[in-house]
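2 protein chains.
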Amino acid sequence: MKKITSGVCAPKGFMAGGIRCGIKPGSQKNDLSLIYSNEFCSAAAMFTENKVKAASVLVSQENIANGKLRAVIANSGNANACTGKQGLDAARRMANLIADELSIAPSEVAVASTGVIGVQLPIEKIEKNISALKTSLRSDEAGHSAALEAIMTTDTRKKDIAVEIEIDGKPVRIGAMAKGSGMIHPNMATMLGFITTDAAITPYALDLSLRCAVKKSFNRLTVDGDTSTNDMVVIMANGKAQNKPVIGHYGLGIGDTGSYLKDKDFNVFNEALEYVCVELTRMMARDGEGATKLVTVTVSGSGSEEKAELLAKSVASSSLVKAACFGADANWGRVLCAMGYAGADFDPSKVSVSFKSRAGEIQVCSEGQTVPFSEEKAKEILSQEEIEILILLSEGSHKATVWGCDLTYDYVKINGDYRS
Amino acid sequence: MKKITSGVCAPKGFMAGGIRCGIKPGSQKNDLSLIYSNEFCSAAAMFTENKVKAASVLVSQENIANGKLRAVIANSGNANACTGKQGLDAARRMANLIADELSIAPSEVAVASTGVIGVQLPIEKIEKNISALKTSLRSDEAGHSAALEAIMTTDTRKKDIAVEIEIDGKPVRIGAMAKGSGMIHPNMATMLGFITTDAAITPYALDLSLRCAVKKSFNRLTVDGDTSTNDMVVIMANGKAQNKPVIGHYGLGIGDTGSYLKDKDFNVFNEALEYVCVELTRMMARDGEGATKLVTVTVSGSGSEEKAELLAKSVASSSLVKAACFGADANWGRVLCAMGYAGADFDPSKVSVSFKSRAGEIQVCSEGQTVPFSEEKAKEILSQEEIEILILLSEGSHKATVWGCDLTYDYVKINGDYRS
Numbered sequence: 258m259k260k261i262t263s264g265v266c267a268p269k270g271f272m273a274g275g276i277r278c279g280i281k282p283g284s285q286k287n288d289l290s291l292i293y294s295n296e297f298c299s300a301a302a303m304f305t306e307n308k309v310k311a312a313s314v315l316v317s318q319e320n321i322a323n324g325k326l327r328a329v330i331a332n333s334g335n336a337n338a339c340t341g342k343q344g345l346d347a348a349r350r351m352a353n354l355i356a357d358e359l360s361i362a363p364s365e366v367a368v369a370s371t372g373v374i375g376v377q378l379p380i381e382k383i384e385k386n387i388s389a390l391k392t393s394l395r396s397d398e399a400g401h402s403a404a405l406e407a408i409m410t411t412d413t414r415k416k417d418i419a420v421e422i423e424i425d426g427k428p429v430r431i432g433a434m435a436k437g438s439g440m441i442h443p444n445m446a447t448m449l450g451f452i453t454t455d456a457a458i459t460p461y462a463l464d465l466s467l468r469c470a471v472k473k474s475f476n477r478l479t480v481d482g483d484t485s486t487n488d489m490v491v492i493m494a495n496g497k498a499q500n501k502p503v504i505g506h507y508g509l510g511i512g513d514t515g516s517y518l519k520d521k522d523f524n525v526f527n528e529a530l531e532y533v534c535v536e537l538t539r540m541m542a543r544d545g546e547g548a549t550k551l552v553t554v555t556v557s558g559s560g561s562e563e564k565a566e567l568l569a570k571s572v573a574s575s576s577l578v579k580a581a582c583f584g585a586d587a588n589w590g591r592v593l594c595a596m597g598y599a600g601a602d603f604d605p606s607k608v609s610v611s612f613k614s615r616a617g618e619i620q621v622c623s624e625g626q627t628v629p630f631s632e633e634k635a636k637e638i639l640s641q642e643e644i645e646i647l648i649l650l651s652e653g654s655h656k657a658t659v660w661g662c663d664l665t666y667d668y669v670k671i672n673g674d675y676r677s
Numbered sequence: 258m259k260k261i262t263s264g265v266c267a268p269k270g271f272m273a274g275g276i277r278c279g280i281k282p283g284s285q286k287n288d289l290s291l292i293y294s295n296e297f298c299s300a301a302a303m304f305t306e307n308k309v310k311a312a313s314v315l316v317s318q319e320n321i322a323n324g325k326l327r328a329v330i331a332n333s334g335n336a337n338a339c340t341g342k343q344g345l346d347a348a349r350r351m352a353n354l355i356a357d358e359l360s361i362a363p364s365e366v367a368v369a370s371t372g373v374i375g376v377q378l379p380i381e382k383i384e385k386n387i388s389a390l391k392t393s394l395r396s397d398e399a400g401h402s403a404a405l406e407a408i409m410t411t412d413t414r415k416k417d418i419a420v421e422i423e424i425d426g427k428p429v430r431i432g433a434m435a436k437g438s439g440m441i442h443p444n445m446a447t448m449l450g451f452i453t454t455d456a457a458i459t460p461y462a463l464d465l466s467l468r469c470a471v472k473k474s475f476n477r478l479t480v481d482g483d484t485s486t487n488d489m490v491v492i493m494a495n496g497k498a499q500n501k502p503v504i505g506h507y508g509l510g511i512g513d514t515g516s517y518l519k520d521k522d523f524n525v526f527n528e529a530l531e532y533v534c535v536e537l538t539r540m541m542a543r544d545g546e547g548a549t550k551l552v553t554v555t556v557s558g559s560g561s562e563e564k565a566e567l568l569a570k571s572v573a574s575s576s577l578v579k580a581a582c583f584g585a586d587a588n589w590g591r592v593l594c595a596m597g598y599a600g601a602d603f604d605p606s607k608v609s610v611s612f613k614s615r616a617g618e619i620q621v622c623s624e625g626q627t628v629p630f631s632e633e634k635a636k637e638i639l640s641q642e643e644i645e646i647l648i649l650l651s652e653g654s655h656k657a658t659v660w661g662c663d664l665t666y667d668y669v670k671i672n673g674d675y676r677s
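Chains as they are written, first to last, in this note's numbering: chain A, 258 to 677; chain B, 258 to 677.
Keep in mind the hints are simulated off the structure, nothing from the lab. Treat the hints with care, as some may be off.
Result set (DSS-like, lysine-lysine): computed pairs, CA atoms no more than 25 Å apart in a straight line [as the list claims (entries may be wrong)]:
1. Lys607/A with Lys342/B
2. Lys259/B with Lys472/B
3. Lys656/B with Lys613/B
4. Lys308/B with Lys607/A
5. Lys286/B with Lys382/B
6. Lys308/A with Lys259/A
7. Lys636/B with Lys670/A
8. Lys607/A with Lys260/A
9. Lys281/A with Lys636/B
10. Lys415/A with Lys636/A
11. Lys670/B with Lys636/A
12. Lys636/B with Lys656/A
13. Lys670/B with Lys670/A
14. Lys613/A with Lys670/B
15. Lys501/B with Lys269/B
16. Lys342/A with Lys636/B
17. Lys473/B with Lys634/B
Let's have the full structure, built from the sequences with the hints guiding it.
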């Protein structure tokens, strides 16, 4: 697997573009985005689990149902959520408008929105600019960048990646972009992720692989505990790499990827997709609203992966742990405390905790109790931009990693008055 | 019911005191607290649900088992949590030391601790000062205040209350103190609550009444989503009011208080205890770490009280809602969003939301959608120190109220470096 450039435009046959249509008043940035494949695609998607779903989510859920898509249209500046029938009509209209321009079926379009909730989407601005959006399509890095800019909200960094692998002797590429920095919490909170690949792969295998990858990446990301109304991850595969189609064995569910060892091609694709999703996840955690640090929490030695995940999420979500990370304070008692209310069964007297970063590693808790350690060294370790909290349960061999960030003054500032 | 003074010393036969024994280095405040009844007491208590329990919690759970207590000893500056066998020995020693001084049984003592986790309790400091602690006992307001100061940590305000009611023609008093401002979340996070009453009441009725009251007060309080290792609420009733003992009907559980209508005395006591607990809860929410506002969330028109509580807690706990309250931003979409991930079943298209304070009331959402409203007026309403978020589900007649606070720069500041 090697890293390559051009994001969603890296795989053969994909184009992307973005323009400014004025949904974000007062901004000079793009706010309308398009990704398009000139061939038919297998497609898969996952959506927010929030009971309150944006109109765009509802429309995209309808359109993905048959496992086929050729385009994703997305806007920032308006979430089109809590907007009732009028909002639903606007989301459908968004799909229809771009489908007409591209001469494809409206059911081949996924629609995504991000921004403020409860304000009607100014669909007339999109209508007026729809042909300019099509014209902006390019198959290079610039097309990718224009599309990516148009989905960003409070993001301060671009999140994208592309990799190349080999399947069936053919080079296969996966490209991706994501947005998301606040309101991020399992499962799948305000984030949009758009992934393209030229792999030949069945809708079934693509869906399975996406679920496996999201489970171990985006669904293990937490910024502020809020799960948004708008999240979605979409992947489209157009087969232009001309490998023998990746099928996957029918009948195995998520988490059973170990059973796919016989299906080498699936495993190669799956591993690359997981890598892409984990890298995007790390970028989002690092860019959590107001965050100064990427905080990685790994629970190992667990009796099950589920338990490890539950405990790691509780630690990464704790406001007190997050504030301690901001202050570079080795307050490991808060780590144990957060594990204690996770709702998981474990023996506190067997827990060890260490902090780690490029400045070193230090154990602060052994068998549930304090151990002597240098506060100075711990402070140095926790002052780095990427820190790890390593927790050992000593009861089994399973583990899980969760990504989060610190809680800072700027988080409060950004969210105290996001709308104005 | 009338409000009276002197807190836990208001009921007949109770004394309280507090001294500085040096557990909090560099502080001039009291850090060791005692409440004592010169008569035998019925007693009841509730404890943290955190899997990681402080040594003081474990010892108090043992001692309350027979429904009798006569004293509560508490320290601040050290939580005596994650301290293993040495910590457990220290907590037991704390009970033994004061029991010897007071000539009562160690099993008649509840032990409480609050402060930093993972550091051994300096029990020798308590030992050296134990007779001074006994000497500090007084039956007046000053005794109450000295005891209360000694349990405060990051609290910026004193939380106490006392009321007088009439049972069986006799005046009966309930007095209380509490500490808690951070790490507070259902159920029963870092808070200590000590309640005294001179009512004659059986341990069974006292326990039932405490559970009913805590369910509708402390367990509906959220500051930062962290549930501590150390919380407890203890109530002692010494019977000196000489009313006919309040019994309560055997066999009815929590939440069935409606069935107690026949037992008028129980209901009078129960109502007063709930009032005391709710008032303390409001004081704690108002004094949430760094908080500038008390935020009350009420969900009504619900099919069940449980659902109303679940939804209200999700809204009051949302970092985004809390930050919007800080910024006086009428971002009601975040309210709906937080309801959406609460895990409760409801119809978003039937939800109405209003904001209310002493500056007025304004509806911002009707039937799940935006309604035209004055942003200026909303800002004025949300700029008050006490604000209410009123949510109507339009599906039934049940309701629940939850108390929280805003998320501010100071929360981050306080928790970024609490230990130093």
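- Out of the numbered hints, which ones does the structure contradict? Numbers 6, 8, 10, 12, 16, 17, in rising order.
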